[in-house]
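Assembling the complex is the task here: the two chains are given apart, and the hints tell you how they should meet.
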Amino acid sequence: MNFLFYLAILVLGGLIGYKNLLDDFWVKKLGCIQNYVLLFLLFIMGVNIGIDEDAIKYFHVIGYQSIVLAIFAIVFSIFFVKLISKKVLQGNEGVGNDN
Amino acid sequence: MTIKIIISVALGIGLGILAIPQAIAAHMSIMIDIGLCLLLFFVGIDIGNQGNILTKIKKMGLKILLVPLMVAIGSITGTMIGGKLLHLPINEAAAIGAGFGWYSLSAIELSKHSSELGALAFITNVSREIIAIITIPFVAKYIGKLESIAPAGATAMDTTLPIISKVTDANIVVISFITGVVLSSMVPILVPMLMMMSR
Numbered sequence: 001m002n003f004l005f006y007l008a009i010l011v012l013g014g015l016i017g018y019k020n021l022l023d024d025f026w027v028k029k030l031g032c033i034q035n036y037v038l039l040f041l042l043f044i045m046g047v048n049i050g051i052d053e054d055a056i057k058y059f060h061v062i063g064y065q066s067i068v069l070a071i072f073a074i075v076f077s078i079f080f081v082k083l084i085s086k087k088v089l090q091g092n093e094g095v096g097n098d099n
Numbered sequence: 001m002t003i004k005i006i007i008s009v010a011l012g013i014g015l016g017i018l019a020i021p022q023a024i025a026a027h028m029s030i031m032i033d034i035g036l037c038l039l040l041f042f043v044g045i046d047i048g049n050q051g052n053i054l055t056k057i058k059k060m061g062l063k064i065l066l067v068p069l070m071v072a073i074g075s076i077t078g079t080m081i082g083g084k085l086l087h088l089p090i091n092e093a094a095a096i097g098a099g100f101g102w103y104s105l106s107a108i109e110l111s112k113h114s115s116e117l118g119a120l121a122f123i124t125n126v127s128r129e130i131i132a133i134i135t136i137p138f139v140a141k142y143i144g145k146l147e148s149i150a151p152a153g154a155t156a157m158d159t160t161l162p163i164i165s166k167v168t169d170a171n172i173v174v175i176s177f178i179t180g181v182v183l184s185s186m187v188p189i190l191v192p193m194l195m196m197m198s199r
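Line by line, the protein sequences give chains X and A. Per my numbering, the first sequence runs over residues 1 to 99. Per my numbering, the second sequence runs over residues 1 to 199.
Rather than coming from a laboratory, the hints here were simulated on the basis of the structure. In this text, all values refer to a predicted model and were calculated from it rather than measured experimentally. Ideal Cβ positions, reconstructed from N, Cα and C, are used throughout, including at glycine. Where hints are given, some of them may not hold.
Listed next, the stretches of chain X that the computed footprint assigns to chain A, with coverage defined by at least 3 CB atoms under 8 Å from CB atoms of chain A [stated by the list, open to error]:
#1 33-41
#2 47-59
Result set (DSS-like, lysine-lysine): computed pairs, CA atoms no more than 27 Å apart in a straight line [claimed, not checked]:
#3 K56/A - K19/X
#4 K84/A - K87/X
#5 K141/A - K63/A
#6 K57/X - K63/A
#7 K87/X - K59/A
#8 K56/A - K87/X
#9 K58/A - K4/A
#10 K112/A - K82/X
#11 K86/X - K59/A
#12 K84/A - K82/X
#13 K141/A - K87/X
#14 K56/A - K86/X
Pulled out of the complex, with its shape left as it was, chain A reads as follows (with noise of 0.2 Å):
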């Protein structure tokens, strides 16, 4: 599966740059929400097949919150470890961080400082959906289920979803979710604070 993934992602970037029409642009977001709708839709039938998942995940909690938490103290640490490293300044590197994946917002809040930190931001973000999207069965196979949400960041909810239910189960889909919205939810307020902690 990992290996069709690649191939697939791989084979629509090669298309998308070399042959497909600029023209089509304008239809691909509404292809994709058709796709994950309807993914979105297996994955809750898969859910609804386990039975007991809610009383599980009861079980576990406020604890549930913990890993949007880690996710995101680790996606700050890790950018602004890497800004050091590409000499950014650091509160630039945690502010891209913060975006955890969700390249649209994180790039037009950090557009407002500079076009180049917007590019920065989009295209780390960017980045990371896809490497999320190829590292998500390995890091479920070798690492482990609940670490597999870790790359996804705020995809978790949505766009890397799918992955995520095809190589775990359907208690860590459920955690993956509220994951997703969690960390949504943080972008717009830390990628500004962030920032604001420069001046």
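Isolated chain X (complex conformation) (with noise of 0.2 Å):
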């Protein structure tokens, strides 16, 4: 299963941040260094749409419905976590929200 995977790597970096195992200048670099990682992991995740062949010409055909699909999907989630985001954050100081 994947998520235990990417569970075992989270839990790794969370016992070196936690025991502070990185010299101060990594800790300052990290964040530098996310971006970097992230804006190319998402260059590389575009790239790989746009070469499958399929998602492409299939795009063209039904690209209005699947946006469609999808802005409903993602708008109703976002509504439907609103109605419990105050009861599960209730009582967590620095987890609010910002608004």
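As structure tokens, then:
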């Protein structure tokens, strides 16, 4: 299962962060490195979609329907999470919403 | 950061269509895996630096599971309403929504019924991932940090987790991971179940 592997990596990083095993130089650079890796990953994910001939071919045919369904799924998910966000975050300082 | 995110994805898609040879395709998933592991490792370090995250999460308890539940209800309701507007059978629209952005599995599962439905599930869930990548920073800023997990769906535990980490805080990242795991576990159960309901 993929998620166990991801969990293992997160826990490994978490332990290194928790035990302060990285020196200050790397801790300061971490945010910057993270940005570059994130943008590179998103670029590669974009390439992966772009070179997928099926994805592009089907997008021309059913792109409109797909976008409508995706937007509705996202909007309603946000709406339903909004309904319970106060209850979930209640009593947790520093975890509240921006607004 | 949001602009940079949009440019990176758009540039990647554009180059993928126009310039990058198909032969590269075989190496793409390994590059994505390496990048993803690296980012999750950094996200882990961020969480570890916060120190008391697990205590806070423990304090929230089972309430956390309301997040994946609401994302699931929202996704399925949303695609049912969207499907109604597009004159799609309601169970098919619901099953597409139950892919929660996990395009490979939902598409494979729905291709068993028809290749058109599989293709629609595939493109809808690819679109969901792209729209999520672009909108998560806006949702976090203008609607709420917890709500920024919603667009991600099942990808909240992997591909969109680094973005959620950038625009929220360590507590939300942990909730996001749990949400992604729960939703991913629901996809193989819900998609066939919703399709069976039509019979």
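Hints the structure violates: just list their numbers, smallest first. 4, 6, 9, 10
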